[in-house]
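Trainee: Please work from the sequences and hints to get the whole structure.
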Amino acid sequence: MGRYILRRSLLGVATLLLVMFVLHLLTTFAIQLNGNPALAFFGDKVPTESQLAAVETRFGLDDPCYDQTGNPCLGPFVERLGQYAQGDFGTNLRGREVTDIVATAAPNTLKLFLVVTIVWFVLGMGLGTAAARRRDRSADHGIRLTSVLIDAFPIFVLLLVYRYVFAVPLNGWAEDTFGAGSLPALWFRPSFDDDHPWATLLVPGILLGLAGSAAFIRLVRASQLESYAGDHVRTARSRGLNERHVVTHHVIRNSAVPVVTAVGLTFTEALAGAVVTEGMMNIYGMGGVLWEAVRAADVALILGIVTILAAVTVVVMLVVDIAYAALDPRIRYA
Amino acid sequence: MGRKAAVAATATAVALVLASCSGGGGDDDGTDGGGGGGGSDPDATLHLALSQDVETLLPMDSNVGDNISVLDVVYDGLVRYDPKTTEPYNYVAESVETEDNTVWTIKIKPDLTFQNGEPVDADAFARAWNYAAYGPNAMANNYFFERIAGYDEMQGETDDEGNVTKEPEAETLSGLKVVDPQTLEVTLTGPFAGFATMLGYTGFFPIAQACLDDIEACAVQPIGNGPFQVEKWDQGVNLTAQRWEDYTLEETPEYGAIEWTEYTGEDNWPDFQAGNLDFAVPPPAEQQAAANDPDLQERYVEGPGAALTYLAFPLYKDGPWTDVEFRKAISLAVDRQGIIDALLPGQRVPADSWVVPDVVPGGTGGTCEWCTFDPEAAKAALEKAGGWPEGEKLTIHLGQDATEQELFKAVGDSIQETLGIPYELDATPDYFARRAARDFSGPFRANWFPDYPLNENYLAPVYASGDEKNGNVEFGYYSADFEAAVKAGDEAATLDEAVTQYQEAEKILATDFPTIPLFVAQNTDYYSENVSNVVLDPFSGEPKLRLLEVTNG
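As you go down the protein sequences, you meet chains A and B in turn. Quick note: our numbering has the first sequence finishing at residue 364, numbered continuously throughout. Quick note: our numbering has the second sequence finishing at residue 570, numbered continuously throughout.
Just so you know, the hints here were simulated from the structure itself, not pulled from any lab data. Glycine included, every Cβ here is placed at the ideal spot set by N, Cα and C. Honestly, I wouldn't trust all of these hints.
Which chain A residues stay away from chain B? Per the calculated CB distances, all over 12 Å, these [claimed, not checked]:
id, residue
1, Arg37
2, Asn64
3, Glu86
4, Gly105
5, Phe107
6, Ala115
7, Val149
8, Ala160
9, Phe183
10, Trp228
11, His280
12, Glu299
13, Ile352
Here are the simulated distance ranges between beta carbons [said to hold, decoys possible]:
id, chain 1, residue 1, chain 2, residue 2, range
14, A, Ala115, B, Glu409, 34 to 42 Å
15, B, Gly282, A, Ala252, 46 to 54 Å
16, B, Val490, A, Leu56, 27 to 35 Å
Mentor: Printed below as a string of structure tokens:
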């Protein structure tokens with residue numbers, strides 16, 4: 031087990047370095063090809079050479095390699111890695127600490143993810159299990175149809191409809207019924223409120239979770255059906271164990287392996303969904319910050335945020351791999 | 018059906034919210050919007066949206082609409098601008114005088130202080146201006162100080178690679194002299210009649226010594242001298258300001274606090290509908306619904322904007338556009354009103370002058386004779402210019418803004434339809450770099466947003482270069498007559514005379530026709546029942562916060 035974790039960790043670190051390097055190359059080329067973000071600082075005005083140079087220095091883009099198309103700018107990359115190693119993630123273009131930005135943004139994203147994960151599990155395990163148990167009956171058909179319908183509504187459509195059609199009337203109704211500033215009124219607030227993060231994150235989180243739950247429902251159903259048909263279940267039943275015991279110990283646990291794997295994969299998908307959700311619901315989170323950073327060609331911020339996100343993803347994958355191994359002893363020896 | 022239902026639902030929701038608002042209000046006397054007699058509630062809080070692009074609240078570094086609008090209530094400038102005529106009047110300054118338009122003596126009102134108790138004196142202005150003018154500080158408002166003597170010595174020099182070849186020689190402007198605590202003497206590099214007009218701009222606000230000592234802290238927690246004090250700024254989330262009780266000057270609103278919520282985009286309309294914001298502009302898809310809502314229409318305000326969009330030509334390159342008749346033909350072929358009606362009704366107005374009318378002194382409409390849509394005259398002008406070379410395409414360059422691409426596609430279509438000139442759009446991501454490098458092979462979109470309210474600002478910074486051989490960098494225009502007219506304005510004895518002289522300069526543009534005025538932005542806003550006396554600032558497009566009356570919702 032120890033060697034397995036070590037091997038996966040080293041692979042994770044290598045992945046992280048590769049991600050950072052590719053990202054560095056992409057942003058560097060973007061600056062070389064698209065023009066300097068320092069120029070955008072001046073808007074419609076044409077700056078003098080020295081004005082431009084001063085802003086480049088301020089933005090940390092004064093290395094001449096940024097002006098040479100095709101130059102991979104290894105110098106600034108190595109310098110940055112050294113700073114990261116010392117825990118210094120640098121500042122964004124306007125001098126705000128990246129760690130400060132992350133400290134404000136990350137808690138909101140984490141709260142959102144917690145709601146999303148709970149929704150996945152509740153819907154995925156609940157509906158998937160129910161569908162598997164009532165295979166080919168009307169409940170099963172209904173659940174499968176629902177999962178297809180969910181797939182048909184991407185997250186931005188769900189949020190758009192929610193914000194523009196439902197949120198305002200629901201919010202008005204809740205304020206009328208329960209009073210302004212009451213919990214139900216906050217649930218239906220059309221956008222995030224920093225003073226009440228949990229209440230205002232709940233509905234967007236449920237919607238984002240709902241949008242990602244369809245694949246889960248079908249996966250849980252399929253893998254449980256496989257278990258139901260398995261020899262070990264027939265054996266358990268023939269030993270006279272009651273149905274509840276059979277389902278919880280022999281069906282659900284055995285069908286958990288692919289589901290846990292899917293959590294890891296869907297996590298990255300949720301990250302993409304978070305960019306949309308945070309943007310539309312005005313949540314100051316990692317996705318929204320990243321979106322703005324890319325728009326502004328803010329190299330230090332993009333690299334800082336993506337490095338942190340990549341690190342989190344690598345850790346989640348690692349945890350998934352370990353959980354996988356714990357659930358299925360055969361995997362460790364493979 | 019579905020759409021109607023949505024509109025009905027929205028209307029009901031607004032009605033519900035309004036009902037709950039008036040139900041919970043304190044001493045709401047119900048005179049919102051009508052005649053401005055409502056007055057303000059001293060406990061009321063104004064709720065506004067702020068773009069997340071705001072990165073700093075340092076006056077020397079603030080030059081976008083949003084932070085200018087915040088700083089307008091946090092700081093006081095030497096002069097302020099009349100909300101209607103945009104003409105400057107003395108505010109923190111007791112007097113601004115000059116005899117030759119070169120040496121200016123500014124007397125500052127006595128006993129004014131910053132919110133931390135420091136005096137607002139000549140030093141407070143000198144330290145802010147010196148910091149902004151010092152090149153290596155890379156302040157956004159650095160270039161505003163170009164006119165003050167000693168500016169050049171404060172800039173370093175760089176080679177083509179961007180390496181610094183020479184450090185700045187001076188750290189302070191030689192043209193700034195603190196005569197006594199209440200008197201500041203400013204020497205310009207040459208006469209400029211509009212200098213007093215510039216002084217109300219954000220970049221000219223004073224800063225406290227404590228601010229200079231810790232610039233980074235001051236950028237997020239400003240020490241102002243205005244009627245509001247920044248209480249807390251959670252960057253990217255929200256910003257709150259409270260009324261400063263010790264404020265001594267007269268222009269202060271009566272409401273108690275302002276809360277700005279930061280938004281990633283412009284999409285805050287549902288929050289306005291839910292009563293969380295006092296001002297909002299609907300997204301394009303909701304505009305029709307808002308326009309058809311009689312209740313909302315009562316709380317709609319529009320005003321002229323200051324941004325001018327025009328078409329420029331690479332006059333530095335050979336091509337049909339070097340002939341003024343060709344440029345005329347293009348201008349006459351663009352159906353400005355038709356394009357606006359089809360794409361952005363109410364958000365733009367057709368431009369027919371180089372100085373936008375109604376927002377700056379000296380701006381009048383109709384100075385452009387060939388800015389009307391006249392297909393016959395356009396064809397005649399094209400013929401006179403010798404036509405368009407067979408088989409070639411007219412390339413129109415612009416940046417990558419989606420709305421502008423739509424707009425310029427329509428401009429291109431209009432030209433193609435009227436004159437039969439095939440065109441292509443080149444939406445380039447490095448527009449600014451290519452424009453600076455003179456890398457355009459056809460006409461290109463350009464935009465001008467003035468820095469201070471004077472017609473000169475639409476003219477000299479764009480068209481005057483003093484470079485007889487190459488013309489100005491952007492499009493290679495040079496006219497000795499134009500430069501002489503601008504200079505005459507700069508040297509005029511009074512501001513009024515200067516404005517008239519600058520109008521002469523605009524007339525020269527009208528004859529030379531180097532660029533084609535196309536569209537002028539229009540500011541629009543909807544406001545909640547809690548606010549009244551709404552006047553939009555033509556510059557920021559935001560409501561004038563000092564004039565607003567706010568009651569508790």
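Trainee: Out of the numbered hints, which ones does the structure contradict?
Mentor: Hints 2, 3, 14 and 15 not satisfied by this model.
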